[in-house]
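Put the two chains together into one complex; each comes in its own frame, and the hints tell you how they fit.
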Amino acid sequence: MRGRLRKAAAHPSYERWALAFGPVRPRVAVYTGEGASHSWIWFCDLLERLRLFDIGLITDADILSGALRDFDVLLIGGGDTYAMAGSMGESGAREIEAFVRGGGQYHGSCAGAYLVLSEVDLEPFTPFSLIEGDMLNVMSEPPAPLCLEHKYLAPYGSDWVFHPVYGEVELSAGPAARGLDEFETNGPIAAPLFGGPVLSVDDESCVLADYAGATDRAAFLWPRYEAERLIKGKQAFAMRRLGEGTASASGPHLEHPLFPESNALLAGVLVKHWQNRSHSEGVSSALAATKTQVKGSDPKTCIREIKRQVSNARIVGFGLEKTPVTWKIGVKVWEPEKIRMFLDVAWDRLPYLEARAGSGLLPAAGLEELASGYAGVTGLAKTLRIEVEAGRDSQAEAQSLLTRLKELTASFLALYFELRLQ
Amino acid sequence: MDSMYYGDTLIVDLDAGTTEEVDFVEADEAGPGLAAGLALYEKYKDADPIIFGSGLFTGTPVPAACLGFVLGKSPVTDELAVAPLNLFAGSEMKLSGFSMVVVKGTSPKPAYLWLHDGVADVHDASAFAGMDTWDTTDAIRREMGESMIQVISIGPAGEAGSKLAAFSINYWGSGDTAAIGALMGSRNLKAVALRGLGMLDADDPAEFYTRSLELFASARKDSGFAALCTALGTGDLDKWLEPIAHRARACFACPSACFPFVKYNEAPTVMESSDVEEPGMLLTSPAAALWLMDGGWEPEAASRALEAMAREGLDMVRGARELAGMPLTDPGEIASAVKALEGSAEAAWPSGEPTPAGLFGAWTPPLADADAWKLANMAGYVLGVCPTYLMLSEVDLEALAGLCQPAAGVEMEIGSLADLFG
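Chains C and D supply the protein sequences, listed in that same order.
In case it helps, our numbering puts the first sequence at residues 63 to 484.
In case it helps, our numbering puts the second sequence at residues 4 to 425.
Here chain D stands alone, though its shape is the one from the complex (with noise of 0.2 Å):
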């Protein structure tokens, strides 16, 4: 597959320290995101490795176009899961320079890859043993000298091997429900730093960009939670959330503005820069909020736990799940009961249908019966497209597939995507 993929095939030895590059042919026998990195781990099943990737139109115009992922045996179940790189991460992933990254092996001491234009480096990691997601975070971006570079790090419980590990993308943790961060732990992967200023060439370019820019002018365009909960019939997380809310992100090309960021360590309303080093949180999982909201817990307490698990690098949603029952407000406890998590509770929705188990996890909400949920993530993760946006904007797939022709010269119908996956 000539374009929407940027460079080769990374294959990274953990064990020795080097990295090797290989061509990149799995996108066109297998096809492209997720089943090409399904068919890379089954090349390379022998070393269980964790892949890196991204979907056929991450990082271009197409509407919620964001979406990359990480693929490996999930250490909860022993299965194969996949787990969403989403914000910038995904974009910045399919700009690496590497259409697919392959790590194998186990780093004699922590490592960190820093990824950037076709240059692969496999960085001592040492000086950050310890540290959480945060200080890691800038720890890398220092070193780097550049605030853009996104980093998927792991913190304390990734290095420990808690099943409750989860990787964390730059401050604000990830929807990673498979413990993948425990996985890297067990690496010594400490992070995967990602940054690339090239370009992606398309087949037909003023074909593909001028009908990705038709679909993204006339797509569903919303902020805040507002349309999931009422999606999911839940209640409102924008209304609890609204006394710290402060401002609604969007992940890269996504039309929505989904996540709210919130202050609760100056006021919401202050708008500009301040000496405040750390105001507040931007809050990637409205699971988790969902479980601590209708567990009776404040706003502001909320969400300091939920910082609390992004920073020590755990899963929210089965962090907060777990701590719903014991609504604390005192943030010296609140500290405390996230550092005695213990992992009890399962990775799901409060509301809706439970989301089925395997390669898929809990990430995505459960807005659709189980074939409809599964189809969102199948076309999500071969596309490079928010699932959760596929399903709150009812966009047409059909529409979405048939810019596979002039992206890379290659049909897809997404009744067959199926097929994909085997």
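Just chain C, with the same shape it has in the complex (with noise of 0.2 Å):
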């Protein structure tokens, strides 16, 4: 898998895109607030790769706050859309649509998606409508599922929401795809289906991509070829305009870092809407503004300390691995190996810190916090394998360690991409 990951990253497209963004770059904010699953640092990979680093991770409390008037881009990826919703409530909708309205750029994958779908129209839902549509992937009475049942539905209203096909599928070219020569140089482009919407909008020039089938790398929780009949020539990505901003919205996990096509559609998006935005030079980052060069006092041991914690937690989180369990929270269905998603981001970006120990950027307090984070983390690791070895009910313990890892995630993030930022 990681070499996999190694060779993707290094796929061309990333260098041609992220020059495209041109000189002033746009500032992107990354939701990881209340319903966020792991997917969201598929995002940060993305646009690591784009070499966009003024990036803010921001929550449902942000967002409440009116933290998005700092930002160019607002990206909500996969998750519990109940959660989000719920915690954003009307007055986060409102916020997220004022943001667009006013030139900002929204992009949903997955639980991003059908959270502003205009047709998704339940409590919690219906303030958030920024795509006017629905998705076709809801029934009353679904059929049983012939594999990975955990996944297959979620509750909407008295109906259900289901999934036929969990895994790769093939994107097709849609009326709004001229202009991104992405289709046109690859064809069919493939992207990870985990549970997102097909998409039905009212207006079919909106369009950006079709499913075009599934790939043999898929599940098929229905017979295959009823799962592939429901999806094929049905809508994956949408995007329209909306005041001075542009919304779009994707089934797929367009932002998979496993999948250098699908992430050339969705940057192809971004970037079009930020050279068709108005925009200063010199505009400022929001976290710049608040950027200072704290002389750590001893980087190199808090860095260490956080390699060490971070190494331990990834030993017991890759042991859990090999239990057949998992956890629900909230609608979400969550499995150990999110233990090491979320800790790879901070392995695999270690290295780059330990290279500036001694640049005098690193600020140590925040390294501090991290370490001692990461030492929790290991503990609460620790505390659920117990659990899940005794063969107790470790749902409480698994809740604390993934919101934990989350919220350090993002922290540690934060301070990466201030560090690339620098």
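Treat the hints as calculated values from the structure; they're not laboratory data.
Any given hint could turn out to be false.
Facing chain C, according to a computed beta carbon distance under 10 Å, are these residues of chain D, among others [to be verified]:
hint, residue
1, 76
2, 121
3, 125
4, 151
5, 199
In silico lysine-lysine, DSS-like type, Cα no more than 30 Å apart, as pairs [as the list claims (entries may be wrong)]:
hint, chain 1, residue 1, chain 2, residue 2
6, D, 224, C, 384
7, D, 76, D, 107
8, D, 166, D, 112
9, D, 342, C, 362
10, C, 213, C, 362
11, D, 76, D, 46
12, D, 112, C, 444
13, D, 76, D, 112
14, C, 362, D, 76
15, D, 166, D, 48
16, C, 213, C, 296
17, C, 444, C, 390
18, D, 46, C, 362
19, C, 213, C, 384
20, D, 342, D, 242
Cβ atoms here follow ideal geometry from the backbone N, Cα and C, with glycine treated the same way.
Rendered as structure tokens:
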């Protein structure tokens, strides 16, 4: 997997799109708040490959306190849509809509896509309506799945949102893909579908990509013919203008780091919006305003401690991956491998910090907090493992660990991107 | 050597409880594997260090590439001696994030090393003092929260400095016939625990892995001790063990599953996990088993004796040879007899040519004349491939050495191996 990641990261399209943003780069907010699963990490991977380092990892509370005014782009990934919508409420929805109408760009993948469809019209989703359209993968009595039962259904009023295909799908160009040469260069584009919607937007000219089918790398929860019939030719990725800004939604995770062509498709949409927007030279970063070069007292020791604790926690997490356990947090099912996905974010980027330990640019206080945080995570992981091994209910321990990991990963990335920006 | 080794050389100063990382240059200058280990010993000779290391291919898909080593001055002969790290300890040594480990000095209190992903921690092992190797393994795995951690530990025999002491790899004893276990005890080094989740780089990955897998596919595959006994011309160990044999296990990357797991605390036909905490023992010393079989022991009693020796941290070969002439059946008497072992017997196989004295111990069976036996040991410890497998499988050593080029960009000729040993 890690070898494939390295290969994907070397894809030439990243360099092309990185340059296309121009010298003044957008400020990007990535949602990590209530309901967000681990997939927001993939947005960070993509932004890093595009050399967009002015990133804010924001929560529902940040949105409610008006933080979006400091950003040009808002990205919301997968997770528990109920928890996202519930935590932000009507006020959050108004903040997001105002952000877009004022010239901002919204992109939502998976849960972030469901969230903003106008016809997903139940509380708490009703106020979130950026794209006129509906989801097609909903019915009152879905047939029993052939596999992956825990990934199959989510409640939707008296109905169920269901997922007949889980894994790699192929996308073909929609009417709005003109001007994006990704399809012309590559033909159908592979992208991962992990429970995202099959879209039905009212204005077909908004559609950037349709589902062309699924590949052998997908799991079929229905008989393959019926599953493919449900998605084939249906909309996968749509974008509309709203006021001065744009909003887009995709069923598949276009930001997934193993799919450089689908990353390029999303990058193209981000670039197009950015190029069309009027922005002045020398826009200062929201984060830069608060940046100071804190001379660390002993960053080397702190980084070593972070490495020690991340390694310890990864080893425990890897051990848990051998156990057949999952946890349900809200409507979202979490597997043990998600623990390591969060930890790998720090692990993979620690060499960058290590190489700059003597630069005087690293904030010692932030590093100390991270070291102490990851030590706590190691402890939580060990406690979780004890509960799992004993065959006891480990729901509470898993929730504590995953919540803490999400917060810490966001803190780590905030520090990391701050350093990259410098 | 940029490929095939992962990380620097670790220098551990037990006097001070500190660690330091230095460039690993010995593989380039002296040769990989044990050749580098010997150069490191020479470099730090004044401190009479204990060296932990691995061979060039250890931890890769090359057939039987399981072998690491521990090198130190044997308390029995006062000469340099090497002991094997097989099962999964050699590969975990390779992936620990340190190419080689040089342990100097004596800890003021019992200590254990925790080597993980390039992080080295010297931990207080006072709480483990007096523990047998089984309890020590459990305690360290529990403390670190993962059951795949490979633990090289000593038992009460090593702590007491018995010249019959041997280190144990997890629960199953080891091929340490040079009392390296006593050497560890004299330094207050209770254990070395290893775990790494890293990756190894090859100079030409596609070529190396393709050729390794081809070699693996065509490799001889055996199960149990039958091939070894036939080659040695001894009695049939597998037949003797049949009433209690449960399954056969291989070391890392080995096509042959030599080692039988025998059950004597529950029926060997029980395949699923049961409530019986310790159902039996993995027999890793065919020489010890042969001594006891030839001495008229019943397999169950012999296995209990070997378990007692592994727990106590005793050399199973010398112990079994000493016990061979007095077959026992009562578990209490067996335990007492093991406690009373004096170390009066020398390490040897009950049949075949006597293994030559010197660097390589009696762990490698006398399957060839002295020159061929020495060549198999040199090739095995340099390349990281089990020498017993090399002799039994009659693998083409030149073809194996030919993998050095795609692995690490170096040429190696089997005919010149002796030059690496001075």
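So, going through the hints one by one against the coordinates:
The beta carbon of residue 76/D comes no nearer than 32 Å to any beta carbon in chain C, farther than 10 Å, and the hint placing it at the interface is violated. The restraint placing residue 121/D at the interface with chain C holds, with a minimum CB-CB distance near 7 Å, inside the 10 Å limit. Among the interface hints, the one on residue 125/D is violated; its C-beta lies about 12 Å from the nearest C-beta in chain C, farther than the 10 Å criterion. Satisfaction of the interface hint for residue 151/D is found here, the shortest Cβ-Cβ separation to chain C being roughly 6 Å, below the 10 Å cut-off.
The criterion of a C-beta within 10 Å of any C-beta in chain C is met by residue 199/D, whose closest approach is roughly 9 Å, and the hint holds. Pair hint residue 224/D plus residue 384/C holds up; C-alpha atoms about 27 Å apart against a cutoff of 30 Å. Distance check on the hinted pair: residue 76/D and residue 107/D sit about 12 Å apart at the alpha-carbon level, within 30 Å; holds. Restraint check for residue 166/D and residue 112/D: the C-alpha separation of about 21 Å stays at or below 30 Å, so the hint holds.
With a C-alpha separation of about 49 Å, the suggested pair residue 342/D and residue 362/C falls outside the 30 Å cut-off, and the hint is violated. Between residue 213/C and residue 362/C the alpha-carbon distance is near 43 Å, which puts this suggested pair outside the 30 Å criterion. For the hint linking residue 76/D to residue 46/D, the alpha-carbon distance of about 14 Å falls within 30 Å, and the restraint holds. Pair hint residue 112/D plus residue 444/C holds up; C-alpha atoms about 26 Å apart against a cutoff of 30 Å.
The straight-line distance between the Cα atoms of residue 76/D and residue 112/D is roughly 22 Å, inside the 30 Å bound, and the hint therefore holds. Restraint check for residue 362/C and residue 76/D: not satisfied, since their Cα atoms lie roughly 36 Å apart, outside the 30 Å limit. For the proposed pair residue 166/D and residue 48/D, the alpha carbon gap of about 22 Å is at most 30 Å, so the pair holds. Taking the CA atoms of residue 213/C and residue 296/C, the gap is near 21 Å; set against the 30 Å cutoff, the hint holds.
Taking the CA atoms of residue 444/C and residue 390/C, the gap is about 19 Å. The hint holds against a cut of 30 Å. The suggested pairing of residue 46/D with residue 362/C holds, with an alpha-carbon distance near 28 Å, which does not exceed 30 Å. For the suggested pair residue 213/C and residue 384/C, the alpha carbons sit about 19 Å apart, so the restraint of at most 30 Å is met. For the suggested pair residue 342/D and residue 242/D, the alpha carbons sit about 29 Å apart, so the restraint of at most 30 Å is met.
Comparing the model with each earlier hint shows violations of hints 1, 3, 9, 10, 14; every other hint is respected.
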